Amino acid sequence: MNNNGQTHANRLGHMIDVTAQAGFAGIEPIFNWMGDLPDAERLAPKLAEKKVELAAIALALDWNGSDETDDERRIADEAIALLKAFPGALLCTVQKPTGRHELETRRRNLVNIVNRVSRRAVEQGVPCTFHPNSPHSSITRTEDDYRVILESLDASVTGWTPDVGHLINGGMDPLTMMKKYASLINLVHYKDWNGDPEFALLGTGKVDFVGITNWLIDQQYSGWIICEDEGPEAMDNPDGVTLHDGRWVYETLLPRVKERLAKE
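Once you know that position 249 of the sequence shown is 249 in the UniProt record's numbering, the rest is easy, because the numbers rise by one and skip nothing.
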């Protein structure tokens with residue numbers, strides 16, 4: 001996300017290479033930064049070459065009006081069209097944070113837009129999920145924001161992506177919120193947090209990934225878990241951080257989860 005995505009723009013092919021090297025099975029690129037690969041005929045062979053699946057595409061737009069702008073609708077429809085070529089991959093909608101002014105009206109407008117985008121997508125066979133975030137200028141930051149927005153989503157067309165780092169950064173306990181809105185979960189993001197001032201390298205912060213993973217197993221969750229590291233190291237060394245995250249998953253997280261399963 002360095003320089004609003006411009007630092008690594010048009011490097012999705014390289015990102016897929018590093019994702020595979022780290023041992024991950026899927027990837028969730030941000031649609032706006034996919035460069036020359038938002039083309040199924042080019043993207044599919046690259047994914048197949050590295051045996052990486054398209055888990056989802058993140059669609060990040062402003063959505064600050066009472067309805068989509070013409071450009072926002074065009075971009076959303078382009079993302080939906082691409083996803084139709086990858087059955088099962090999700091459209092993950094994300095609002096870009098632009099301030100907490102006119103909060104009630106803007107939260108209501110956001111939900112209406114997300115529901116409309118999701119209905120268009122689902123009508124074309126593309127599953128959808130909504131991803132709140134936690135910058136101070138976000139209208140999806142606090143527990144009250146979550147209550148208003150998640151409880152207003154059209155659950156027949158839109159699920160929820162709990163990002164555990166954003167949840168704790170917004171003052172919530174991730175697992176408590178995941179339990180409360182469990183029926184909506186259809187994608188999960190793992191991000192660590194230490195409050196100094198915000199996110200940390202995976203495995204070095206305060207998020208209880210073992211407890212969260214165990215709960216997901218108990219729920220028989222079968223969707224994707226995406227590692228989305230926003231520790232400060234990721235800004236300067238995204239490749240190294242991706243490889244670190246892969247090692248952390250296989251060498252630290254999974255063995256601790258398996259220890260618990262072995263005792264049962």
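No lab work stands behind these hints: they were computed from the structure. Being a predicted model, the structure only gives us computed values, none of them experimental. Check the hints yourself; a few may be wrong.
As the list claims (entries may be wrong) - Heads up, simulated DSBU-like pairs for lysine-lysine below, C-alpha to C-alpha not over 35 Å straight-line:
#	residue 1	residue 2
1	K51	K84
2	K180	K46
3	K96	K84
4	K180	K258
5	K51	K206
6	K96	K263
Said to hold, decoys possible - Derived Cβ-Cβ restraints for the label pairs, each shown as a range:
#	residue 1	residue 2	range
7	P135	S183	34 to 40 Å
8	G13	M235	17 to 23 Å
9	N194	R147	23 to 29 Å
10	T98	W215	18 to 24 Å
In this text, a Cβ means the ideal position worked out from N, Cα and C, and glycines have one as well.
Hints and how they fare:
1. A distance of roughly 19 Å separates the Cα atoms of K51 and K84; the hinted pair therefore holds under the 35 Å criterion.
2. With a CA separation close to 39 Å, the supplied pair K180 and K46 exceeds the 35 Å bound.
3. Between K96 and K84 the alpha-carbon distance is near 24 Å, which keeps this suggested pair within the 35 Å criterion.
4. With a CA separation close to 26 Å, the supplied pair K180 and K258 stays within the 35 Å bound.
5. With a CA separation close to 32 Å, the supplied pair K51 and K206 stays within the 35 Å bound.
6. A C-alpha spacing of about 44 Å is found between K96 and K263, which places the hinted pair above 35 Å, so the restraint is violated.
7. One distance hint, 34 to 40 Å for the beta-carbon pair P135 and S183, is violated here, with the actual separation near 27 Å.
8. Against the hinted window of 17 to 23 Å, the Cβ-Cβ separation of G13 and M235 comes to about 21 Å, which satisfies the hint.
9. A hinted range of 23 to 29 Å holds for the C-beta pair N194 and R147, which are about 26 Å apart.
10. Against the hinted window of 18 to 24 Å, the Cβ-Cβ separation of T98 and W215 comes to about 33 Å, which falls outside the hint.
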